[in-house]
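A.B. asks: With chain A fixed as given, assemble chain B onto it according to the hints.
For reference, the chains in residue letters:
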Amino acid sequence: MIRVLQLARGDAADLSARDARSDMLGLVVDGSGAGAPAPAPTPDELLARVGAGDRQAFAALYDATAPRVFGLVRRLVVDPAQAEEVTQDVYLEIWQTAPRFDPARGSALAWMFTLAHRRAVDRIRAAQAARDRDLRIGARDLDVPVDTVAEEVEVRVEHERVHEALADLSKLQRECVALAYYDGLTQREIAERLEVPLGTVKTRLRDGMIRLRSALGVTT
Amino acid sequence: MTEPGDRDGEHTDEPRLAREFASLEAMHELAAAHALDALDADERAAFEAAAAASPELRAAADSHAESAAVLAALAEPVEPPPALKQRLMAQLDGLPQQQPVAQRVEPATSAEPVASATPAASAEPAAPAQPASSAAPIERPPGRAQAHARRRWFERPGALLGAAAAAILLIAGAVLGVAWSGPNGWGAQREMAAIAEAPDAQSQTHEVAGGGEITLVTSAEQGRSGVVVAGLPELEADQTYELWYIDDSGAASAGTFDVSGEETWRVLEGSFTPGVAVGVTVEPAGGSPQPTTEPIVVIPT
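If you're matching them up, the sequences are chains A and B in order.
Number 193 in this note's numbering belongs to position 189 of the first sequence; there are no gaps in the numbering.
Number 563 in this note's numbering belongs to position 252 of the second sequence; there are no gaps in the numbering.
This is chain A alone, in the form it adopts within the complex (with noise of 0.2 Å):
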């Protein structure tokens, strides 16, 4: 937020009684044009933003998450229309719930993904059948995730350092967390699929999450 007060006082002197306004300035910014590109908003900014009814704020944070909301969503709910209605559903309860989002205790996107997730997984938990969930799963790759996901340019970065940290991970360990995380699974159906006992699951996932913090350098 520094580097945006100071191209947009650099940028425009009449801009100098707003300065206190960092949300106007952000907007501002964003229309000059001038000189080097301003760094956009991140999304903790506009959540913060949407905290305080911007709707402005909502619709740039949409359009900055949108695709990989739904994208995740979509991993899920396999569905079109289903993974629609779950993402609308997510983007109004982070209009609703914005004024309560904490920064003490994560990012804004991770606590966008872990509603997304949530949601996501209590929709298909809902809606389907677990025959169907064993159905879609036979068709999927499920061993290694790294392998299976388009490298997309503007997170490459981002895959890169994940498929580091899960390299961490033990195969087994990394089978039993992309169960859960892609598939939605609980423990108890992940035992059952990959038939060993509950605790054998608890444990890899626990361990799992645990060399992945580490790997990932999470802090909260």
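Hints in this document: simulated from the structure, not taken from any laboratory.
Being a predicted model, the structure only gives us computed values, none of them experimental.
Using N, Cα and C, we set each Cβ at its ideal position, and we do this for glycine too.
Among the clues, some could well be false.
Quick list of the computed label-pair ranges, beta carbon to beta carbon [unchecked claim]:
| no. | chain 1 | residue 1 | chain 2 | residue 2 | range |
| --- | --- | --- | --- | --- | --- |
| 1 | A | Ala-130 | B | Pro-392 | 42 to 48 Å |
| 2 | A | Ala-63 | B | Pro-600 | 34 to 40 Å |
| 3 | A | Ala-130 | B | Asp-569 | 21 to 27 Å |
| 4 | A | Arg-165 | B | Gln-515 | 44 to 50 Å |
| 5 | A | Ser-218 | B | Ala-596 | 22 to 28 Å |
| 6 | B | Glu-387 | A | Val-200 | 27 to 33 Å |
| 7 | B | Glu-387 | A | Gly-221 | 23 to 29 Å |
| 8 | A | Lys-175 | B | Ala-588 | 38 to 44 Å |
| 9 | A | Gly-203 | B | Asp-404 | 49 to 55 Å |
| 10 | A | Glu-199 | B | Gly-542 | 42 to 48 Å |
| 11 | A | Val-200 | B | Glu-336 | 36 to 42 Å |
Beyond 10 Å from chain B on every Cβ pair, some chain A residues (computed) [what the hints assert, rightly or not]:
| no. | residue |
| --- | --- |
| 12 | Pro-43 |
| 13 | Gly-75 |
| 14 | Pro-103 |
| 15 | Ala-171 |
| 16 | Ser-174 |
| 17 | Leu-198 |
| 18 | Glu-199 |
C.D. replies: Relative to chain A, chain B alone:
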């Protein structure tokens, strides 16, 4: 998936759940699975109830959630249909935002307009260490009884989040695939869960005259409260149950509810302030602006 019958079983089996919550160690084992949404509805509810009472567990949950969310980066981005954004933007009008949670460390320097509809956030700094009398300007100076009630409230042992709040979470977790709006929709579920999860959440259960019981869950920090009612008699078609916030100045309607099944719950409309009492009356269908009958239960806070 939880069968409705199972859920009722869980609800009446509260001591077992309470023991589970006590076992924080076991909950730490579940933190990773929780972040991956790999817990079933009951496990999730139990975990979240435990996390609500344990900052340590909450921190573990948050850090796992942060790394789980990174996994989202591997899902291929898909451009949603353009109509989705239009539909979303059109719906914002009818969708009020939640009130922000009071920041415990934030000094009360922000010039919060007294007339704002968010009294709880500014009027009730959540830190129990802060004496009630030093609270920032509030709309209505508390009377002696209210101040006393508030002191009592602050003196109560913290983290009373018990089986009742857990029951709410169970309900919230088990009711899936419902609409966003409506008194028991996702939005309300989310709000109910937020109240129950609040660090300062308090719950109490009372018998209701005429049968059944009501559990009130309050959070001064959130400025909200909710009720779970069980076993209340069904009313005639031209009657409804109505909730009231009652203080020295009278009763203010906090919404209506009807009982058709065994159990229902509501987030109360309006703001909750410690010291206020919550009452329930039977009113003509549609509700009344003021109570017209004697309350079947009054719960002091």
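A.B. asks: Taking the hints in turn, state whether each one holds.
C.D. replies: Going through the hints against the structure:
1. Ala-130(A) to Pro-392(B): 42 to 48 Å: For Ala-130(A) and Pro-392(B) the Cβ distance comes to about 23 Å; the hint is violated.
2. Ala-63(A) to Pro-600(B): 34 to 40 Å: At 39 Å between Cβs, range holds.
3. Ala-130(A) to Asp-569(B): 21 to 27 Å: holds (24 Å)
4. Arg-165(A) to Gln-515(B): 44 to 50 Å: Taking Cβ atoms as reference, Arg-165(A) and Gln-515(B) lie about 48 Å apart, which means the hint holds.
5. Ser-218(A) to Ala-596(B): 22 to 28 Å: For Ala-596(B) against Ser-218(A), whose Cβ atoms are near 59 Å apart, the range 22 to 28 Å is violated.
6. Glu-387(B) to Val-200(A): 27 to 33 Å: holds (29 Å)
7. Glu-387(B) to Gly-221(A): 23 to 29 Å: Between Glu-387(B) and Gly-221(A), where Cβ atoms are some 25 Å apart, the hint holds.
8. Lys-175(A) to Ala-588(B): 38 to 44 Å: violated (59 Å)
9. Gly-203(A) to Asp-404(B): 49 to 55 Å: holds (50 Å)
10. Glu-199(A) to Gly-542(B): 42 to 48 Å: Between Glu-199(A) and Gly-542(B), where Cβ atoms are some 43 Å apart, the hint holds.
11. Val-200(A) to Glu-336(B): 36 to 42 Å: violated (23 Å)
12. Pro-43: holds (20 Å)
13. Gly-75: violated (4 Å)
14. Pro-103: violated (4 Å)
15. Ala-171: Ala-171(A) is indeed farther than 10 Å from all Cβ atoms of chain B, at 13 Å.
16. Ser-174: holds (14 Å)
17. Leu-198: Holds, because the least Cβ-Cβ distance between Leu-198(A) and chain B comes to about 13 Å, which exceeds 10 Å.
18. Glu-199: Check passes; 17 Å lies beyond 10 Å.
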